[in-house]
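Given these sequences and hints, build the entire structure.
Taken in order, these protein sequences are the chains called B and U.
According to the UniProt record's numbering, the first sequence holds residues 1 to 519 in order.
According to the UniProt record's numbering, the second sequence holds residues 1 to 441 in order.
Just so you know, these hints were derived from the structure itself, not from any lab.
Treat the hints with care, since some could be wrong.
What the hints assert, rightly or not - For lysine-lysine, the following BS3-like pairs were computed, each having C-alpha atoms within a straight-line distance of at most 30 angstroms:
(1) B:Lys-85 to U:Lys-143
(2) U:Lys-121 to B:Lys-278
(3) B:Lys-86 to U:Lys-374
(4) U:Lys-77 to B:Lys-450
(5) B:Lys-66 to U:Lys-78
(6) U:Lys-155 to U:Lys-208
(7) U:Lys-187 to U:Lys-124
(8) B:Lys-191 to U:Lys-415
(9) U:Lys-395 to U:Lys-155
(10) B:Lys-66 to U:Lys-238
(11) B:Lys-450 to U:Lys-78
(12) U:Lys-124 to B:Lys-150
(13) B:Lys-67 to U:Lys-63
(14) U:Lys-324 to U:Lys-238
(15) U:Lys-127 to B:Lys-135
(16) U:Lys-63 to B:Lys-66
(17) U:Lys-155 to B:Lys-132
(18) U:Lys-374 to B:Lys-67
(19) B:Lys-67 to U:Lys-421
(20) B:Lys-132 to U:Lys-415
(21) B:Lys-132 to U:Lys-121
(22) U:Lys-127 to B:Lys-278
(23) B:Lys-85 to U:Lys-127
(24) B:Lys-150 to U:Lys-143
(25) U:Lys-183 to B:Lys-150
(26) U:Lys-77 to B:Lys-67
(27) U:Lys-266 to B:Lys-150
(28) U:Lys-77 to B:Lys-278
(29) B:Lys-278 to U:Lys-143
(30) U:Lys-183 to U:Lys-155
(31) U:Lys-143 to B:Lys-86
(32) U:Lys-155 to B:Lys-135
(33) U:Lys-324 to B:Lys-150
(34) U:Lys-187 to B:Lys-132
(35) U:Lys-143 to B:Lys-96
(36) B:Lys-66 to U:Lys-77
From a predicted model like this one, the values you see are computed outputs, not experimental measurements.
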Amino acid sequence: MEEDPRNGKATHHHYHHPHTPKKPRLIQFISEPEIRQEFSHHQSGVARINNGSFGSCPGSVLDAQKKWQLRFLQQPDDFCFNTLKKGILESRTVIKNLINADNVDDVSLVDNATTAAAIVLQHIGRQFAEGKFQKNDTVIMFHCAYQAVKKSIQAYVTPVGGSVIQVQLPFPVNSNEEIIREFRKGLERGKANGGRVRLAILDHITSMPSVVIPVCELIKICREECVDQVFVDGAHAIGSVLVDVKEIGADFYVSNLYKWFFSPPSVAFLYCGNSGIKCDVHHPVVSHEYGNGLPTESAWVGARDYSPQLVVPSILEFVNRFEGGIQGIMERNHDQVVKMGKMLAESWGTNLGSPPEMCASMIMVGLPARLCVTSEDDAIRLRSHLRVYHGIEVPVYYQAMKKGDSGPKDKDGCITGYVRISHQVYNTAEDYFKLRDAINQLLEDHNVCKMLPLEQKRYVYSLFYAFSCEIFCTKHQHLFHPFLSFFVLSFTTESSRKFVGSLRFHIKTRVICSLVTKK
Amino acid sequence: MRTTSMVTPLPIPKKPKISSFITQSEIQSEFSHHDPAVARINNGSFGCCPASIIEAQQIWQLKFLRQPDHFYVNELKKGILRSRTIIKDLVHAEHVDEISIVDNATTAAAIVLQQTAWAFKEGKFEKGDVAVMLHYAYGSVKKSIEAYVSRSGGKVIEVQLPFPVNSNDEIISEFRRALERGKADGKRVRLAVIDHITSMPCVVIPVKELVQICREEGVDQVFVDAAHGIGCTDVNMKEIGADFYTSNLHKWLFCPPSIAFLYCRKSAKSSDLHHPVVSHEYGNGLAVESAWIGTRDYSAQLVVPSVLEFVNNRFEGGIEGIKKRNHDTVVEMGEMLAKAWETHLGSPPYMCASMIMVGLPACLGINSESDTMKLRAHFRENFGVEVPLYYRAPKDGEVGSVTGYARISHQVYNKVNDYDKFRDAVSQLVGNRFTCTLLSK
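Below, the structure is given as structure tokens:
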């Protein structure tokens, strides 16, 4: 990966930005060692290929954040009266330009997409409660919408009479048309009993399984079919795909900045472009600024640390140290993750969950059928195992077999498990080789998911194996004490617990015992 | 064995060898990040955080950044439970389930009031049923009541409190009157929102007595807004007996911005409370919901054990000692200022905690809230004094009365010089025949 050209390839339509801000003439771009340095706080030895969940933040942005925090602590009253509002407005302006919004008044900063979902759904809930929407009106969303969004609907919409239509996202998926078809079917169901579809919630990039959704096309269809309002949950979007809110045309659009746009945890923007609606959209934490518009309400939700919202200009400085700025980063991430995804699929004899053009900086790669990922529990076990014993952080997804046995297969059976790998500027090819080799090792050792312990059960297994060893070792008491101390330590220090766990997998009990008997 | 799966231990801050309690110079060092040119006598608004706690917070932040998935799976929940358990003991709650951690009292108010709004929407409360609050309730809380209660059909009654105030009885009798108004026309008082310590003007309210009256008069729920409570006045859930109680920990308990706790007495109704930011944990109880409201920096919620260690090991008498010394000193300083300016205190010392209202000379011509904002900025920019000011409209027939009050505070980092600086600033203005009309718009 060190050899990769720094020239971005402007081939992918997700990245063509009509309003690229003029970048400063740099003498040279950020170097590999500088990138290592920026992310030197990441735990070494971990193949961090799950940028999607919690994102990443470079050292220079963290430093900028500390400066803001210090300014507040030095003289908080002066900060809140004279500095805070200006700083947040500056951040909102940077975002407005990035997303091609017309008006900075359309852009609010909130903690995260979860907060934005609460804002939008509270607003929808109020419409139902106040009789503006009727009891058989619906909200439509994908079945794989983020769990927090689903819970938010449960909290705010269903209690006041709204019902929900879930659109099955086909997966693995081969083309945008498959998604569009399913969505149209969903809209028909929504209008079936004479009700109106009041809100469509569309992921720009679904979380699990991860696929880029053709939001522009779906929103056109929504408008044709008289859907009242459209909310795009672009939690993964900014820094990962092009976000042009005018082109997309949603009423509400949210994206987290801490996932793919290098902000510290946490900050997101919520765009509300529809002037008819936005006057009655409120932050649920009501403060002095209630009624002064969502951006102003969100800029003061009581005394707290607003520093993540203030560093946005510093983030832009950081990304502009890369060739092509954020566009270049997006393109290179995409190219690399596709390349690595294909490498893994080839090594394992499996498939990709979607074609490259339906991915951004993450891609789903099928796991060998022999691993037997047969439930969500299996997926969790495998993920924990990879984290604890192999130093690999990657989310694992379980996809139930399709009816009629028509799903993807490898030489051993149906593919029901996928990893969601990501690529961000700090990744190297070694991260993906590590994953490749870990899975291949599990296959060689004839391990399947159900054999992998959940982390809590490790103690029990350690105990079991330690006792087994003890029984065999009683003839060899000179070896018993070291073993006993490992066994005791397994309950007292985390590292020793992990050692005993590792022992279980990497040195089979009978090997220990045969060594013992030999002595 | 693969070493890559082991978490490299992070450096633990070295505990100072404590042969005696913290010294003055050590205190100044802990707060050396405060602007040295400012007489910081407004601890009430934003609180303060010592350097050792900021360091502890940075360690937590780094833990997350190093390996966030591991942190989320293995550390976060444990850490928040530990903080909640410490708070539960501090405030004498029965059970840790009663303690949720949220960002600030503003968030806690939204949680409680949202529940009230639902009760109106679902018809449990009738339109026109009443929520009672103090006239001096915090601005944000008033807005929250408007957004959640009035909008859902509830009626709001404000308790007019006298200021300056001379005794608890004055407050109690006004409160009773407000409850009577609430119950007129056969309506019920569904919620009473009572400040433990009002913000502006700042007075300690006899909450225990008021909660008692609420129970006698059949008020459904009592919510005590003690934004300034913990670390400032006595906070005992069992004694106070409210249904809901919130207090910020970043104001008077040395936590970084920001963290508050919301206490919800275990009862059938407490299951109706939800955090407005709904996430995976929805329905698992408010405490669990509040411990995960999406990805964000939870470090301020995780340093509570470090804060208690700091306070209990380094200060004589721990938090109780700090409270007492703050109270004694702020009263002393308040009396010094009132004497120097020939004015008076806004309330008797027993109705103050770590803050006190001191009358400003009438000749300064404070005639509106806008005047207080401008004068406050004037003190900040030209005298290096940070102190909030309050405008008290003159009653009918009053002439030449005190219409402006300063709310001074005392926290461990303050020195007598801070108050002398303020005294001299005001005296200088008086000497120069300054009035607020001179301040530009």
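Exercise. Identify every previously stated hint that the structure contradicts and give their numbers, smallest first.
Key: 8, 10, 20, 23, 25, 28, 33
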